[in-house]
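With the hints as constraints, model all of the structure from the sequences given.
Heads up: the sequence lines are chains V and H, in that order.
Sequential numbering of the first sequence, starting at 3, is according to our numbering.
Sequential numbering of the second sequence, starting at 74, is according to our numbering.
Derived by calculation from the structure, the hints in this document are not laboratory data.
Small disclaimer: the values here were computed from a predicted structure and weren't measured.
Just so you know, even glycine gets a beta-carbon here, dropped at the ideal spot from N, CA and C.
Watch out, some of these pointers could steer you wrong.
[To be verified] Ranges of calculated distance between the beta carbons of each label pair, as one might list FRET restraints:
{"#": "1", "chain 1": "H", "residue 1": "Q90", "chain 2": "V", "residue 2": "P42", "range": "27 to 33 Å"}
{"#": "2", "chain 1": "V", "residue 1": "S33", "chain 2": "H", "residue 2": "E129", "range": "15 to 21 Å"}
{"#": "3", "chain 1": "H", "residue 1": "E101", "chain 2": "V", "residue 2": "G64", "range": "22 to 28 Å"}
{"#": "4", "chain 1": "H", "residue 1": "R95", "chain 2": "V", "residue 2": "R65", "range": "33 to 39 Å"}
{"#": "5", "chain 1": "H", "residue 1": "Q90", "chain 2": "V", "residue 2": "D57", "range": "43 to 49 Å"}
{"#": "6", "chain 1": "V", "residue 1": "E46", "chain 2": "H", "residue 2": "K144", "range": "24 to 30 Å"}
{"#": "7", "chain 1": "V", "residue 1": "Y56", "chain 2": "H", "residue 2": "K87", "range": "30 to 36 Å"}
{"#": "8", "chain 1": "V", "residue 1": "S33", "chain 2": "H", "residue 2": "Q114", "range": "26 to 32 Å"}
{"#": "9", "chain 1": "H", "residue 1": "F147", "chain 2": "V", "residue 2": "A20", "range": "40 to 46 Å"}
{"#": "10", "chain 1": "H", "residue 1": "Q153", "chain 2": "V", "residue 2": "A20", "range": "33 to 39 Å"}
{"#": "11", "chain 1": "V", "residue 1": "K72", "chain 2": "H", "residue 2": "K87", "range": "21 to 27 Å"}
{"#": "12", "chain 1": "V", "residue 1": "R65", "chain 2": "H", "residue 2": "T86", "range": "22 to 28 Å"}
{"#": "13", "chain 1": "V", "residue 1": "S30", "chain 2": "H", "residue 2": "Q123", "range": "20 to 26 Å"}
{"#": "14", "chain 1": "H", "residue 1": "Q114", "chain 2": "V", "residue 2": "I115", "range": "22 to 28 Å"}
[Claimed, not checked] Which bits of chain H does chain V cover? Going by a derived footprint, with three or more residues having C-beta under 8 Å, they are:
{"#": "15", "stretch": "122-136"}
{"#": "16", "stretch": "154-166"}
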Amino acid sequence: AQKITQTQPGMFVQEKEAVTLDCTYDTSDPSYGLFWYKQPSSGEMIFLIYQGSYDQQNATEGRYSLNFQKARKSANLVISASQLGDSAMYFCAMRESTGNQFYFGTGTSLTVIP
Amino acid sequence: DTGVSQDPRHKITKRGQNVTFRCDPISEHNRLYWYRQTLGQGPEFLTYFQNEAQLEKSRLLSDRFSAERPKGSFSTLEIQRTEQGDSAMYLCASRSGLHYNEQFFGPGTRLTVL
Numbered sequence: 003a004q005k006i007t008q009t010q011p012g013m014f015v016q017e018k019e020a021v022t023l024d025c026t027y028d029t030s031d032p033s034y035g036l037f038w039y040k041q042p043s044s045g046e047m048i049f050l051i052y053q054g055s056y057d058q059q060n061a062t063e064g065r066y067s068l069n070f071q072k073a074r075k076s077a078n079l080v081i082s083a084s085q086l087g088d089s090a091m092y093f094c095a096m097r098e099s100t101g102n103q104f105y106f107g108t109g110t111s112l113t114v115i116p
Numbered sequence: 074d075t076g077v078s079q080d081p082r083h084k085i086t087k088r089g090q091n092v093t094f095r096c097d098p099i100s101e102h103n104r105l106y107w108y109r110q111t112l113g114q115g116p117e118f119l120t121y122f123q124n125e126a127q128l129e130k131s132r133l134l135s136d137r138f139s140a141e142r143p144k145g146s147f148s149t150l151e152i153q154r155t156e157q158g159d160s161a162m163y164l165c166a167s168r169s170g171l172h173y174n175e176q177f178f179g180p181g182t183r184l185t186v187l
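As structure tokens, then:
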């Protein structure tokens with residue numbers, strides 16, 4: 003089974019609107035971390051936000067927030083007030099406490115429309 | 074600190090040739106990862122170092138691939154007898170040993186095997 007599933011290959015959002023990028027995960031480890039990365043066309047992976055499995059509150063970093071629903075094993079990324087510079091690939095990733103490996107999803111391509 | 078650096082940024086080689094890539098992590102990071110990313114996919118884990126020790130290696134990794142981190146600082150990834158299927162972006166990432174700290178990625182080396 004896939005550890006990380008991103009079901010939206012591509013998404014479009016109007017500038018200044020909010021958008022949610024979906025991510026579900028699969029693990030039996032009670033302790034894990036969830037990460038979101040942005041990859042612009044230049045290719046470099048940029049860390050956006052982190053959520054720990056025991057964190058009581060949803061993580062927020064500026065315009066990024068993570069909608070963490072533990073029972074549903076989902077960790078959706080919400081980008082508020084979209085900007086043209088947000089157009090990029092977005093990857094969800096997970097690391098379990100029992101290992102060192104990071105598992106990545108297949109990504110979602112986000113296009114912000116002026 | 075200038076972040077994670079990789080060299081070369083691009084490499085074109087003929088099938089059957091050997092290639093070697095270098096990664097210089099963030100200086101205080103003792104964890105180092107190598108990933109491979111093909112078009113439309115997320116990064117795929119190849120191998121992991123803690124200091125100079127190679128602690129994890131993907132089961133999917135061919136024995137044509139070898140990685141080293143001799144002094145626990147920079148790392149090299151060598152691919153012997155390259156095949157066209159090896160064409161991909163090779164990403165290096167590093168992180169500190171703090172629990173669940175995010176990885177910082179380098180710009181990647183794009184390999185094209187003709």
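Results for each hint:
no. : hint                           : in the structure
1   : H:Q90 with V:P42: 27 to 33 Å   : holds, 31 Å
2   : V:S33 with H:E129: 15 to 21 Å  : holds, 18 Å
3   : H:E101 with V:G64: 22 to 28 Å  : holds, 25 Å
4   : H:R95 with V:R65: 33 to 39 Å   : holds, 35 Å
5   : H:Q90 with V:D57: 43 to 49 Å   : holds, 48 Å
6   : V:E46 with H:K144: 24 to 30 Å  : holds, 26 Å
7   : V:Y56 with H:K87: 30 to 36 Å   : violated, 51 Å
8   : V:S33 with H:Q114: 26 to 32 Å  : holds, 27 Å
9   : H:F147 with V:A20: 40 to 46 Å  : holds, 42 Å
10  : H:Q153 with V:A20: 33 to 39 Å  : violated, 49 Å
11  : V:K72 with H:K87: 21 to 27 Å   : violated, 50 Å
12  : V:R65 with H:T86: 22 to 28 Å   : violated, 41 Å
13  : V:S30 with H:Q123: 20 to 26 Å  : holds, 24 Å
14  : H:Q114 with V:I115: 22 to 28 Å : holds, 25 Å
15  : 122-136                        : holds (count 3)
16  : 154-166                        : holds (count 3)
Hints 7, 10, 11 and 12 from the list above are not met by this structure, while the remaining hints are.
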